[in-house]
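From first to last, the protein sequence lines stand for chains A and S.
The opening residue of the first sequence carries number 13 in my numbering; numbering runs sequentially from there.
The opening residue of the second sequence carries number 3 in my numbering; numbering runs sequentially from there.
Hints should not be assumed to be uniformly reliable.
Below, computed lysine-lysine pairings styled on DSS-like, alpha-carbon distance capped at 25 Å [stated by the list, open to error]:
#1 S:K277 x S:K307
#2 S:K219 x S:K251
#3 S:K185 x S:K175
#4 S:K175 x A:K201
#5 S:K277 x S:K348
#6 S:K219 x S:K308
#7 S:K130 x S:K175
#8 S:K348 x A:K201
#9 A:K391 x A:K486
#10 S:K259 x S:K348
#11 S:K130 x A:K201
#12 S:K219 x S:K74
#13 S:K14 x A:K103
#14 S:K308 x S:K296
#15 S:K14 x S:K82
#16 S:K219 x S:K257
#17 A:K302 x S:K74
#18 S:K82 x S:K130
#19 S:K130 x S:K219
#20 S:K10 x S:K115
#21 A:K201 x S:K112
#22 S:K277 x A:K201
#23 S:K82 x S:K119
#24 A:K302 x S:K10
Simulated from the structure, these hints should not be mistaken for lab results.
Fair warning: this is a prediction, and the values are worked out from it, not measured in the lab.
Listed here are the chains, written in short residue letters.
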Amino acid sequence: MFYLRIEHVVWALALAVLIVTIAYPLAMLIYCSVVTGGVPTFTAFKKMLHDRELPIYVANTLELAVIVTILSILIGVPLAWLVVRTDLPGKKIIRTLAVLPFVFPPYIEAIAWISIADPAIGIINRIYRALGGHGYIVNIYTFWGLVLVMSLRFYVYVYLTTVSALEQIDPSLEEAARMSGAPMLRVAKDVTIPLVMPSIVAGALLAFVAVCGNFGIPALIGDRAHYYVLTTRIYSMLSIPDLDRAAAYSILLLIISIPLMLLQRMVLGKRRYVTITGRATRPSVMSLGKARYGVFATLLAFMIPTIIIPIVTLVITAFMSSIAGNMFDIRNYTLRNFYEVLFVNNDTRTAIMDSVTLALSAATSVALFGALVAYIVVKTGIKGRLVLDWLSSVPFVLPGMVFAISMIFAFIRTPLYNTLTLVFIAYFARYLSYGVRTSTGALLQIDPTLEEAARVSGANWLRVLKDVVLPLLKAGIVAGWILVFMPTLSELTVSVILAPTLQPTIGVAIYNLMEEGQYEWTYALSSIVVVIVLVGQVLINLITKRFGIKAM
Amino acid sequence: MTSVRIVKLVKKFGNVIAVNNIDLEVRDGEFMTLLGPSGCGKTTTLRCVAGLEVPTSGEIYLGDRLVSAPAKGIHIPPEKRNIGMVFQNYAVWPHMTVFDNVAYPLKIRKLPKEEIKSRVRRVLELVKLEGLENRYPFQLSGGQQQRVALARALVMEPEVLLLDEPLSNLDAKLREEMRFEIKEIQRRVGITVIYVTHDQAEAMAMSDRIAVMNAGKIQQVGTPYEIYRRPANSFVAGFIGLANFIRFKSLRLSKDKAYVTLPTGEVITCAPPVKEGNEYVVVVRPSDIELLTKPEGECIRGVIKKVTFLGNVVDYRIDVGGQEVRVETSSYEVLNPGSEVWLRIKYCIVIPLVS
Numbered sequence: 013m014f015y016l017r018i019e020h021v022v023w024a025l026a027l028a029v030l031i032v033t034i035a036y037p038l039a040m041l042i043y044c045s046v047v048t049g050g051v052p053t054f055t056a057f058k059k060m061l062h063d064r065e066l067p068i069y070v071a072n073t074l075e076l077a078v079i080v081t082i083l084s085i086l087i088g089v090p091l092a093w094l095v096v097r098t099d100l101p102g103k104k105i106i107r108t109l110a111v112l113p114f115v116f117p118p119y120i121e122a123i124a125w126i127s128i129a130d131p132a133i134g135i136i137n138r139i140y141r142a143l144g145g146h147g148y149i150v151n152i153y154t155f156w157g158l159v160l161v162m163s164l165r166f167y168v169y170v171y172l173t174t175v176s177a178l179e180q181i182d183p184s185l186e187e188a189a190r191m192s193g194a195p196m197l198r199v200a201k202d203v204t205i206p207l208v209m210p211s212i213v214a215g216a217l218l219a220f221v222a223v224c225g226n227f228g229i230p231a232l233i234g235d236r237a238h239y240y241v242l243t244t245r246i247y248s249m250l251s252i253p254d255l256d257r258a259a260a261y262s263i264l265l266l267i268i269s270i271p272l273m274l275l276q277r278m279v280l281g282k283r284r285y286v287t288i289t290g291r292a293t294r295p296s297v298m299s300l301g302k303a304r305y306g307v308f309a310t311l312l313a314f315m316i317p318t319i320i321i322p323i324v325t326l327v328i329t330a331f332m333s334s335i336a337g338n339m340f341d342i343r344n345y346t347l348r349n350f351y352e353v354l355f356v357n358n359d360t361r362t363a364i365m366d367s368v369t370l371a372l373s374a375a376t377s378v379a380l381f382g383a384l385v386a387y388i389v390v391k392t393g394i395k396g397r398l399v400l401d402w403l404s405s406v407p408f409v410l411p412g413m414v415f416a417i418s419m420i421f422a423f424i425r426t427p428l429y430n431t432l433t434l435v436f437i438a439y440f441a442r443y444l445s446y447g448v449r450t451s452t453g454a455l456l457q458i459d460p461t462l463e464e465a466a467r468v469s470g471a472n473w474l475r476v477l478k479d480v481v482l483p484l485l486k487a488g489i490v491a492g493w494i495l496v497f498m499p500t501l502s503e504l505t506v507s508v509i510l511a512p513t514l515q516p517t518i519g520v521a522i523y524n525l526m527e528e529g530q531y532e533w534t535y536a537l538s539s540i541v542v543v544i545v546l547v548g549q550v551l552i553n554l555i556t557k558r559f560g561i562k563a564m
Numbered sequence: 003m004t005s006v007r008i009v010k011l012v013k014k015f016g017n018v019i020a021v022n023n024i025d026l027e028v029r030d031g032e033f034m035t036l037l038g039p040s041g042c043g044k045t046t047t048l049r050c051v052a053g054l055e056v057p058t059s060g061e062i063y064l065g066d067r068l069v070s071a072p073a074k075g076i077h078i079p080p081e082k083r084n085i086g087m088v089f090q091n092y093a094v095w096p097h098m099t100v101f102d103n104v105a106y107p108l109k110i111r112k113l114p115k116e117e118i119k120s121r122v123r124r125v126l127e128l129v130k131l132e133g134l135e136n137r138y139p140f141q142l143s144g145g146q147q148q149r150v151a152l153a154r155a156l157v158m159e160p161e162v163l164l165l166d167e168p169l170s171n172l173d174a175k176l177r178e179e180m181r182f183e184i185k186e187i188q189r190r191v192g193i194t195v196i197y198v199t200h201d202q203a204e205a206m207a208m209s210d211r212i213a214v215m216n217a218g219k220i221q222q223v224g225t226p227y228e229i230y231r232r233p234a235n236s237f238v239a240g241f242i243g244l245a246n247f248i249r250f251k252s253l254r255l256s257k258d259k260a261y262v263t264l265p266t267g268e269v270i271t272c273a274p275p276v277k278e279g280n281e282y283v284v285v286v287r288p289s290d291i292e293l294l295t296k297p298e299g300e301c302i303r304g305v306i307k308k309v310t311f312l313g314n315v316v317d318y319r320i321d322v323g324g325q326e327v328r329v330e331t332s333s334y335e336v337l338n339p340g341s342e343v344w345l346r347i348k349y350c351i352v353i354p355l356v357s
C-alpha cells in the first residue's frame with residue numbers, strides 16, 4: 013500500500029497551501045481587529061461603534077442591495093420564464109443578451125454607462141446639447157444611476173438560477189396538475205412557483221451579497237453621487253491609512269454576507285426534488301399566440317439600449333482624440349489612444365504586462381492545484397479530504413475586498429507585502445474554487461468502474477491515472493484554466509488593494525486613469541478589455557461545447 | 003364511465019409524423035393497451051386523448067363528447083376532460099404530502115373538506131396506502147409513489163384512466179405484483195382504461211384488448227389470444243412472442259386451410275391468413291413444434307444444431323433443409339446436437355408480409 017502514503021503526503025501539502033493562503037489570512041483579519049499589542053482591546057470595534065458615519069454606510073449598503081435585489085427579481089424571473097416556458101421567437105438571441113452583462117467586469121459596465129450618461133461626456137447629453145439644449149438631461153452620478161447599473165448586472169444571478177430551475181422541473185409534474193383539473197394559472201400557482209421558489213430566493217440572496225461586496229460600480233459612480241457604501245469606505249480608509257477601521261468595516265461586511273450565504277445554501281438544500289429520470293419530454297411551453305413577436309420586439313427594445321449600446325458607446329468613445337471634442341465630427345476620431353495605451357504610456361504598458369503575467373500564473377496554478385484537490389476529494393478515502401474542499405471554497409463566497417484586506421494583515425510584515433507576488437497569491441486563493449469545481453465535476457463523471465476496468469486489465473494505479481483519469485480530467489482542467497484567466501486578467505477589487513502603486517494591473521490602471529480624468533486612455537484600455545473578454549467568452553463556449561461540460 | 007373513439011388521428015412534430023391516421027374505439031369499461039416499440043406513436047396517441055397534445059388532424063370523442071377536432075377548431079384543454087392520468091415517472095409533487103397530492107383534484111373542484119377527506123381515505127385504501135397521508139414523496143419508495151399517482155388519478159372518479167408506461171421504473175418483482183393490482187382496481191372501479199406499454203407480457207396479462215402499433219400506425223386490434231394466435235401481419239407476429247418465419251416454395255390457399263410446400267418439397271398444413279395480402283409468410287411459434295425421434299404423420303426432417311437448456315424449457319436450433327428453425331420443448335427430455343429429428347407442427351399460420 014505504498015501509494016496510500018503518497019496520497020497522505022500530497023494531502024498534507026495541499027492542506028498546508030490552503031492554510032497559508034486562506035485560513036491564516038482570515039484568522040489574522042479577525043485577530044487583528046480584536047487584539048492590539050497582544051491584548052484583546054477590541055480597538056477596531058470600539059472605533060467602529062463611535063464612528064458616527066458608520067450607520068449611514070451600513071444603511072446605504074443595505075438600501076442599495078435591497079433595491080437592486082428587488083429589481084433583479086423583477087427583471088430576472090419574468091425573463092427566465094419567457095425564455096424557458098414560452099414559444100418566444102429568437103430565444104437564442106435573448107439568452108445570449110441576457111447573460112452578456114455578466115461576462116464584463118463590473119467596472120467596465122460602470123465606465124460604459126458613464127460614456128452614455130455622464131453629464132459632460134455622456135452621449136445622451138452630447139446629443140441633447142447638439143440639438144440646442146443647455147447643460148444636461150441625464151446624470152448617471154445619482155443613486156438611481158447606481159441602482160440602474162448594478163441591477164443590469166446583478167439580475168443575471170436571479171435569471172440564471174431561475175432558468176436552471178425551470179428547465180429542471182419535470183414537465184409531467186405540471187401535466188399531472190392539468191390532468192387533475194387545474195387551469196394554466198392554477199398550475200403555475202400550485203406547482204411551478206412552489207418548485208422554482210427556492211431557486212429564485214437563492215439567486216436573490218446571491219445578488220444581494222454580490223451587491224454588498226461590489227467595489228467597481230460604487231467606486232466609479234457612487235462616489236461621484238456622494239453615495240458611499242462599505243466597500244468604497246474601506247478603500248478610502250486604506251489610503252489614509254487606517255487599517256484598524258478597515259478591518260472592522262471588513263468584518264461588518266462579513267457579518268452581513270456570511271449568514272446570507274449560509275441561508276442561500278440552506279434554501280437550496282431544502283428543495284425536496286425527487287428526481288426520477290423518466291424519458292425526456294419536451295418542456296410544456298405556453299403559446300404567446302400572436303403576441304410572441306411583439307414580446308420579442310419589446311425585449312429587444314429594452315435589451316439593446318441597456319446591454320448593447322453602453323458597450324458600443326464605450327468602444328466608440330475610445331476612438332475620440334479628445335473627449336471634450338465634437339463627437340459628430342469624423343476628424344475627431346483616431347487610433348492614437350490605442351497606440352498610446354499599448355506602446356507609449358508606461359503605466360498602461362506595465363499594467364498590461366502585469367495582468368497578463370498574473371492571469372497566466374493564477375490560471376495555471378489554480379487549474380493544476382484545483383485538479384489535485386478535486387482528485388483527493390473525489391478519488392481518495394482520506395479522512396480530512398473534505399476540509400480541502402471546504403477551505404478552497406471559502407474565499408470566493410467572501411466579498412473580494414474583505415479577502416484582500418485579510419491578505420494585508422497576514423503578509424504586511426513579510427517581504428511579500430506590496431509586491432505582485434502577493435497579488436498572485438490572492439488571485440490564486442480567491443479563484444481556486446473555480447479550478448476545484450470544474451475538476452470535481454469532471455472527476456465525478458468518471459465512474460469508478462472505468463478505473464476498475466483498467467486495473468483488471470493489468471494497469472497499476474499510476475498507469476490508471478495516466479491512461480484513464482487524466483485524459484478524462486483534461487476537459488475540467490482546461491475549463492478551469494479559462495474560467496480563472498478571464499476574470500483575473502481584468503480583476504479590480506483585490507488588485508486595487510494589494511497591487512504596488514507603481515505596478516498596477518489593468519483594472520487598477522483603468523480605475524486610476526478614470527479618477528485622474530484621463531478619459532481617452534481609460535476608454536482605450538477598457539475597449540481592449542472588452543475585446544479580450546468577448547474573445548475569451550467565445551473560446552469558453554467552444555471548449556465547453558467540445559468537451560460537453562457546463563462551465564459553471 | 004365512457005367509451006373513447008379516435009378517428010383518423012394524425013399528429014406531426016415538424017416533419018416527423020408520430021401518429022399516422024389511426025382509428026381506434028375503446029369500449030366502455032374496457033382495458034385497452036397500446037403496445038409497440040419505442041417511438042411507435044403510442045404515447046403521443048395517449049397524450050392526444052389526454053389533451054396534452056393538440057392533434058394535427060382527426061377527431062377524438064369521449065363518449066358522445068367531441069374533445070379534439072382541429073378541423074372544427076375544437077380542443078378541450080386537459081383540465082376540462084375529466085380524465086385521470088398516471089405518468090411514467092409518477093409526477094408526484096415533491097412539495098406536497100401524500101394527502102395533498104391525492105386531494106388536489108378534489109380541491110380544484112372545490113369539494114367540501116369533509117368529503118375530500120373521506121374520498122381521499124377511500125382511494126388510499128384502494129391502493130393500499132392507508133396511514134401514509136402525511137408523508138412527503140421523498141420518504142416513499144418507488145412503488146409507493148406509483149400508488150400515490152394512481153390514487154390521485156382515481157380520486158376524482160374520472161371517466162377514463164390513462165396510464166403511460168406506469169410500471170417501467172419499478173423492479174421486476176414489484177412490476178408483476180402491480181400488474182395484477184392495477185387490473186384488480188380497474189375491475190372493481192369498472193373504469194375505461196387506456197394503457198401504454200412496450201412490455202408484451204404486461205399487455206397480455208392485463209388487457210381486454212390490445213392495439214399493436216408500429217411506425218405511427220395500428221397494426222392490429224384484438225384480444226391477447228387473437229394477437230398471439232392470429233397475428234394480422236408479420237410485424238405483429240414478430241413483435242409478440244417468439245416466431246419462426248419459414249421460407250417456402252409455394253402456397254395453396256383453400257377456404258379454411260393453407261398448404262405450404264417447403265423448399266425440400268415437404269408439405270405442411272397451416273391456418274389460412276386472417277387478411278389477404280400480396281405476399282405471405284409462414285409463422286410457427288417455437289413452442290408449437292413437437293420433436294419426434296421417428297417420423298410419424300405429417301412431419302418434416304431436421305438435424306439438431308444447438309441445444310440450450312433453460313430450466314423449464316429447452317431451446318433447440320434445428321437445421322431443416324438449410325433453414326434454421328427454433329423449437330422450444332419441455333425440458334423433461336433433452337436431445338443431443340447432431341441428432342436427427344422429425345418436427346411435427348401443431349399449429350402454424352400464413353400471414354400477410356409487411357415491409
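Checklist entry - Which hint numbers does the structure go against, in order from smallest to largest? => result Hints 1, 2, 4, 6, 8, 11, 16, 18, 19, 20, 22, 24 are the ones this structure does not satisfy, whereas the remaining hints hold.
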